[in-house]
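> Here is how the chains run, residue by residue.
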Amino acid sequence: MTKLQNLIHRGGILLCTVAVFSMSHLAHAAGTLTPIGSQHAPMQVVDHHVDIVMNNGFARTEVTQTFYNPNHENLEAVYAFPVPKNASLSEMTIIIGETEIHGEVIERDEAEAIYEHEANNGNDAGLAVKNEYLTYEFRVSPVRAQDQTQMRFVYYQPLEIDTGIGRYVYPLEDGGTDDAGKSFWLPNEEVKGTFSIAAEIKSAVPIEDVRMPGYEQAALIDRLDAGHYQIRVDQAGNALSRDVVIYYRLPDGLPGGVELIPYRASDSEPGTFMMVVTPGVDLAPLANGSDYVFVLDVSGSMSGKIATLARGLSRALGELRPEDRFRVVTFSNHTKDLTHGWRQATPDEVQGAIAIVENLSVEGGTNLYAGIREGLEKLDDDRVTSLILVTDAVANQGIIEPKAFRELMRQYDVRVFGFLLGNSGNWPLMRTICDATGGFYAGVSNADDIMGQLMLAKSKITHEAMHDVSVRLKGVDTFDLTNDMPKKVYRGEQLVIFGRYDEAGKAKLSLTAHISGEDKLYETNFDFPEIATDNPEIERLWAMSQIEQIEDQVNAGLLDSTEGSDAIADLGVAYQLVTDETAMLVLRDEDFERYGIDRANRDRVATENQAQARRASQTVTNNRVDRNDPLFNLPTPSLGGGALDPFSVLIVAGGVGLCLRRRKDQSGDEEGHVSR
Amino acid sequence: MFHGSPIDGTREVGKGLASRILGSPSASSELPVLTFAIALLSLVIFCIPGIGEFLAFDRVAVEQGEVWRLLTSHLTHWSAEHLFWDVLAFLILGIVLERTDRPLFLGVLLGSGLSISLALWFFRPEMTGYRGLSGVDSGLFAAWVGILLRNAQKDRDRLQWFFAVALIVGFIGKIFWELLTASNVFVDSMGVGVVGVPLAHLVGTALGGTLVILFLGAAPALTE
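Those protein sequences? They're chains E and V, same order as listed. Its first residue numbered 1, the first sequence is counted upward by one per residue in my numbering. Its first residue numbered 1, the second sequence is counted upward by one per residue in my numbering.
If you're looking for bench data, these hints aren't it; they were derived computationally from the structure.
Straight line, CA to CA, 20 Å or less: simulated SDA-like cross-link-like pairs of lysine to any residue:
1) E:K520 - E:P255
2) V:K174 - E:F647
3) E:K458 - V:F54
4) E:K458 - V:I51
5) V:K174 - E:P251
6) E:K520 - E:S470
7) V:K174 - E:I207
8) V:K174 - E:I651
9) V:K174 - E:R223
10) V:K174 - E:L650
11) E:K192 - E:D234
12) E:K458 - V:S79
13) E:K458 - V:E126
14) E:K474 - E:V276
15) E:K458 - V:A80
16) E:K458 - V:C47
17) V:K174 - E:G654
18) E:K85 - E:V276
19) E:K520 - E:P486
20) V:K174 - E:P646
Restraint ranges, calculated between C-beta atoms of paired labels, are given here:
21) E:D527 - V:V165: 52 to 60 Å
22) V:F123 - E:R472: 35 to 43 Å
23) V:V169 - E:G657: 16 to 24 Å
24) V:V169 - E:N483: 50 to 58 Å
25) V:G173 - E:K506: 42 to 50 Å
26) E:R311 - V:L114: 33 to 41 Å
27) E:K506 - V:V62: 41 to 49 Å
28) V:W68 - E:S516: 24 to 32 Å
29) V:F123 - E:A226: 19 to 27 Å
30) V:K154 - E:N633: 49 to 57 Å
Ideal Cβ placement from N, Cα and C applies to all residues, glycine included.
Looking at chain E on its own, in the form it has when it is part of the complex (with noise of 0.2 Å):
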């Protein structure tokens, strides 16, 4: 390379840098990004391939492609995807040719700072941020004039299990929530080579069922055993722009119970827990006619989500009974009564109101605020009222700060149901918003068997929710527990909870809760171990858990946001996650050494990885600890139907024509006999 071309190489990279920069939290989804007039051609992505374990209450997704820059000068690579749920980033790897290179996650500026110097200087260099709610973005530099180079990283993220059915889904859909990133990257979402899926789901309970709608014809789905699956999915030239979901089904008739899943490296420092409580209790419907607000967002951010939520709604409204109430609400710069106060929901009514909702068109701003004030006007105290908020909860107009919105859900006595459509919502507004009123909320993809999603979140709503429900533990000295405030659990739902405990010993787990009018106590007793070491992940987990719960706390305005930040750094780092506070810093293991960075995170993810090696060679761990001494009676609820499948129908079909078939020819043979 000349010196000119060394400077314009530079030169390229330094303008990209500080474009980059200068841009950063205006990202788009998933895909290369290159900012807009760039007389660059976009950087692509040759391959693109997921790789997913879901097993012991969480799922581990490793992300492997490969850039390829047309270009005939050597350019960083910007990637972006949408932040998933309750997701832990926690490892980024370049691979440029056989030496690969990771990150260590350190506080963001100064990550920041060093990965803009060495880009500058043309070393290899790779960052990783997390721009809020919406995107995780990835830059590496260089990557050189027409050639290759390989990038990887790990998430991990706790599992959801619903009313017996688990659902997975790795966003890449653009969430449409970002306006300014729109207008300065051009987004090339397109996979030149192969874009692959190798997922694996491993259940100590038997699997039923697993299904990734929109991939029924692509995946090929095997079951190894009764609870371990593998999917495949191979594709040649996709778009990284549909969300992948998958779904796995438990058997019926579980019963409900506790699942304990430690790690504790050895007797001298704290273990981490992940505790999940399944409630096997009978909920009760509510008797007698409830009131109903649909409140929705119509704003212009709903573009690509409207359909979905016009198909949801109408198929919502149409559960509804006549005894119940419904007022449909819209929001965008404005809002709107769309029913003119409140409608009974016999047949009539209930088809007026679908037939405005699949007419409904977005446009504006979102005033989420006015939107969820005018919901809660016209309240009868004689009744029992849901909300069902359907949003992506990106407030930018009227009010936007979600300690106002704390105050005004606590001032009713309503039970609100938060639906988060599309990838890039506002996942900390929302929390605030439905833990403020005790209610539940949930992500919907366009990706998702949106019927399904909806007789789960009906199941919810028509039914007695458990009241205060309060977990203790005696025995074994826990703390920094996250999630084990007194709250509302929906049928259905889980409780996940989060903590630290100091000793090994039994423990005694009580939990108390208030249902349909009575106080109930439910206790087991279960061991706490002295050593574990199968999942190190744990403590990313529930680091992740504490980082969650400090946001909420800053959003409620409980925690000064200066000292929320600080903590979340503390904690990032300490753990090694990218938050809004860190970021992950790749560098060559000389430059490391440099700039005397720890190597935290490869000692963490070494250790990691041997006890992934560990339990990919293991059978399945059973983590429920209380089987011997049950913490409920009943099993969890289930909804059952009789279905037969197209082959049995086509059989019956066949076997009925075959036989009509037969009896014609006899007929035939007989009559020519007589006639003969």
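Once you have looked at the hints, place chain V on chain E.
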């Protein structure tokens, strides 16, 4: 040659299209109105929002006295695909059976509907909701195969006899496979939150088989 000879005290089984299928010689122009009405009703219930909710099996609602749900739940469905396959099978089997023997058809319809719901009530206490016509379809199928077997025996038609035996053995085998593996073979139509209930198919088949034996036991022969 026609099939079998009249036996004193027998009841006539088989007229029209079904009678040709099942071996009876005389065709009837009688329309299977009940079959069409029930299929149409299932469709209407699915299409009009709110009605299904009022008719589906709901354990607590039944406890509170809404006992009609024990029968009407079979006319409700979770999804369009669920409705399509259940009703298609019902139409095929209902046309055949109703035109063959309407009292038997009605008996299977009501008997399997009620017995399936009671079986769910007593043996699947965790099942809080249920919808679908496939249990009743199973009863109709068992009744049809029973008649097929009966006619094959009378006609000394080995091929038909083996065919009927293969059908019922295959069907019962499928149900037991579903029960043993706790899965519904190939079923993927009801949505992610709903589980298949092989018990409904087993009870429906058992009821259909029992009724056809009782009915044909009282009237063992097909008429000329």
